[in-house]
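Number of protein chains: 2
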Amino acid sequence: MTETTVVSLQDIRDAAERIAGATHRTPVIRSRTLDQLVGAQVFLKAENLQRIGAFKFRGAYNAIARLSPEQLSRGIAAYSSGNHAQAVALASTELGSHAVIIMPADTPAAKLDAVAGYGAEIITYDRYTENREEIGARLAADRGMTLIPPYEHPDVMAGQGTAALELLEDAGDLDALVVPVGGGGLIAGSSTAAKGLQPGIRVIGVEPEAGDDTKRSLEAGERVTIPVPRTIADGQAASVPGELTFSVNRRLVDEIVLVTDDEIRDALRFGVDRLKLVMEPSGASGLAALLAGRLHPAPARIGVIISGGNVGAARLAQLLA
Amino acid sequence: MTETTVVSLQDIRDAAERIAGATHRTPVIRSRTLDQLVGAQVFLKAENLQRIGAFKFRGAYNAIARLSPEQLSRGIAAYSSGNHAQAVALASTELGSHAVIIMPADTPAAKLDAVAGYGAEIITYDRYTENREEIGARLAADRGMTLIPPYEHPDVMAGQGTAALELLEDAGDLDALVVPVGGGGLIAGSSTAAKGLQPGIRVIGVEPEAGDDTKRSLEAGERVTIPVPRTIADGQAASVPGELTFSVNRRLVDEIVLVTDDEIRDALRFGVDRLKLVMEPSGASGLAALLAGRLHPAPARIGVIISGGNVGAARLAQLLA
Chain S
113 MTETTVVSLQ DIRDAAERIA GATHRTPVIR SRTLDQLVGA QVFLKAENLQ RIGAFKFRGA
173 YNAIARLSPE QLSRGIAAYS SGNHAQAVAL ASTELGSHAV IIMPADTPAA KLDAVAGYGA
233 EIITYDRYTE NREEIGARLA ADRGMTLIPP YEHPDVMAGQ GTAALELLED AGDLDALVVP
293 VGGGGLIAGS STAAKGLQPG IRVIGVEPEA GDDTKRSLEA GERVTIPVPR TIADGQAASV
353 PGELTFSVNR RLVDEIVLVT DDEIRDALRF GVDRLKLVME PSGASGLAAL LAGRLHPAPA
413 RIGVIISGGN VGAARLAQLL A
Chain B
113 MTETTVVSLQ DIRDAAERIA GATHRTPVIR SRTLDQLVGA QVFLKAENLQ RIGAFKFRGA
173 YNAIARLSPE QLSRGIAAYS SGNHAQAVAL ASTELGSHAV IIMPADTPAA KLDAVAGYGA
233 EIITYDRYTE NREEIGARLA ADRGMTLIPP YEHPDVMAGQ GTAALELLED AGDLDALVVP
293 VGGGGLIAGS STAAKGLQPG IRVIGVEPEA GDDTKRSLEA GERVTIPVPR TIADGQAASV
353 PGELTFSVNR RLVDEIVLVT DDEIRDALRF GVDRLKLVME PSGASGLAAL LAGRLHPAPA
413 RIGVIISGGN VGAARLAQLL A
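Same order as they appear, the protein sequences are chains S and B.
Each residue of the first sequence is one higher than the last, beginning at 113 in my numbering.
Each residue of the second sequence is one higher than the last, beginning at 113 in my numbering.
FYI, nobody ran anything at the bench for these hints, they're computed from the structure.
Yeah, the Cβ is synthetic: ideal placement off N, Cα and C, and Gly gets one too.
Hints are not guaranteed to be accurate.
Reference listing, derived: stretches of chain S covered by chain B, where coverage requires no fewer than 3 residues with Cβ under 8 Å from a Cβ of chain B [claimed, not checked]:
| id | stretch |
| --- | --- |
| 1 | 136-148 |
| 2 | 189-200 |
The calculated label-pair distances, taken between Cβ atoms and stated as ranges, are [said to hold, decoys possible]:
| id | chain 1 | residue 1 | chain 2 | residue 2 | range |
| --- | --- | --- | --- | --- | --- |
| 3 | B | R250 | S | R142 | 52 to 62 Å |
| 4 | B | T117 | S | H408 | 37 to 47 Å |
| 5 | B | R413 | S | Q148 | 46 to 56 Å |
| 6 | S | H408 | B | V340 | 29 to 39 Å |
| 7 | S | R244 | B | A222 | 16 to 26 Å |
| 8 | B | D282 | S | D285 | 18 to 28 Å |
In silico negatives: residues of chain S with every beta carbon more than 12 Å from chain B [said to hold, decoys possible]:
| id | residue |
| --- | --- |
| 9 | E159 |
| 10 | R163 |
| 11 | L224 |
| 12 | E264 |
| 13 | G333 |
| 14 | L364 |
| 15 | D366 |
| 16 | D385 |
| 17 | G424 |
| 18 | A433 |
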């Protein structure tokens, strides 16, 4: 697979059609207070209002919807303790398949309940003594299940890129698109959509300061591994970019900027006080970059993907305190 | 002024046109989780995403936009410590006028700052020894300012009713419309729009249990005054319905249901955990009624106005704890 064929604008358009009935077309939120603070027109794509509360549903649904009836009948497997788990669980159920989600035994009960509530079977493992990849591989071999990864898959990236496609359709021409970066799937799909539609657009990724693996990798010209980052942005705590995602992002991402955990907290608070939107820390990092003045030169019309909102009331109360 | 001419569907349509460029057309939010819990299709009109964070901006803007150039040049006055204060402040500034807002001296600094930030002059008074109506009347007399009340005004009601107009346009036919009731302006405008467009629709008001003045008044067939209610839903802490609003609501509101403060807290938590929306307690009371199973018989397609989101991060953290 060459770099140019990992995912294309047409793949994203096809994905958009495929997922249209199942996903929300999330609103693009405007705030003149935000515009004034930033000194630009800002268009927030509210993927925290997506089904399961994050953009991950787009990718999981698109990938699972492309499986054959036989694959669907054998079932889907995924390992994740986060939004991808819920996304695969719900998409599998809705597409008439069944999912097994491999989750750490110490996952908070609320997350286990959410995944079970979407109709998935859960297998827990001890993350200090067991290897989730082995468990996944065994499941795939024994039960013939299809493993859906959280980002290292062209159909997952194409599905995730539909968030940017919708944003550009609704907001019109933008000078820059700002996207949170974890494993790199959202920005791979989004930059493909954005540069396909508007070749002059600047695509800016945002990572937490402690989790700058993609920034370092882009600077080095190859994938760099960092220690597992400590950050409140748990969805961005990747230690190395994906291989497929990096092959796209090295071509299409113009720049990565970093934000501190405190800047993310400020963005969460701004979300509650002014936008009335609940964001999870990872989901707020793009907004945090804007509020912290990280964009130089400042673009005039900026799209920002608010990637998710699964933080939970108790944790949000802590983060706002 | 007879009952039938206080406000008409045409007034609301005119208001919608008048405020279109200045207000957000707020999104209608769907949640299948909510639909499953309620056993109905629920359409949430997210007025917490409106400018200044509440539906009040619609009414204030509509009323002020109808003033003459001379009235605008003499300025606007209002008394409110809540969302109406911000609404009048911002609408006055945007319409080239200037506002004086009369607020209690013990109003939290954040609220004073917000009103000042929208360009208004603030006059504080001691609410234990001074009378705000007298201060307002003196201002109107001395400086020739126009007083804009929070609900007792046909143009305010018409503006507020545009929230329901948009909801019905976007959601299509509904069996019921659920609206929080404080002074009664939102439900007066909304019921006028709803019954004008869909005569068979049931309009259901929601009050906090401690603040059931409109429920009692509808049952008595006349305005009943209750002691100032103690409730977390500060925007619904009215002790008597407005005269104009009640003259509309006695004709058009089918029923008032009550919710407890605990049920409102549950709705706030559901908002954060599942909807990713920040609501203020008053703004969540309609949703609280649905989640608490207050609607009998349960309608199949229900519109709910989420009326506001100005709660603030610190207070929200308290309410969620």
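Please settle this one: E159(S) was flagged as non-interface, so is its CB more than 12 Å from every CB on chain B? At about 10 Å from chain B, E159(S) fails to clear the 12 Å cut-off, so the statement is violated.
Quick check on a hinted range of 29 to 39 Å for H408(S) and V340(B), using CB atoms only. 53 Å, violated
Distal placement of G333(S) relative to chain B, Cβ over 12 Å: Holds: least Cβ distance 38 Å, greater than 12 Å.
If I take the minimum Cβ distance from R163(S) to any residue of chain B, is it greater than 12 Å? Check fails; 7 Å does not lie beyond 12 Å.
Looking only at beta-carbon atoms, does the pair R244(S), A222(B) fall within the given range of 16 to 26 Å? 46 Å, violated
Three-residue Cβ test at 8 Å for the coverage of the stretch 189-200 of chain S by chain B: With 0 residues close enough to chain B, the hint is violated.
Can you confirm whether chain B covers the stretch 136-148 of chain S, using C-beta to C-beta distances below 8 Å and requiring at least three such residues? holds (count 5)
Least C-beta distance between D366(S) and chain B, which was stated to exceed 12 Å: 29 Å, holds
Taking the closest pair, is the beta carbon of D385(S) still more than 12 Å from chain B? 5 Å, violated
Can the suggested window of 18 to 28 Å be confirmed for the beta-carbon pair D282(B) and D285(S)? Hint holds: Cβ distance 26 Å, inside 18 to 28 Å.
46 to 56 Å as the expected CB spacing between Q148(S) and R413(B), which holds or is violated: 39 Å, violated
Compute the least Cβ-Cβ separation between G424(S) and chain B, then decide whether it is above 12 Å. Label violated. Min Cβ-Cβ 6 Å, cutoff 12 Å.
Checked against the numbered hints above, the structure violates hints 2, 3, 4, 5, 6, 7, 9, 10, 16, 17, 18; every other hint is satisfied.
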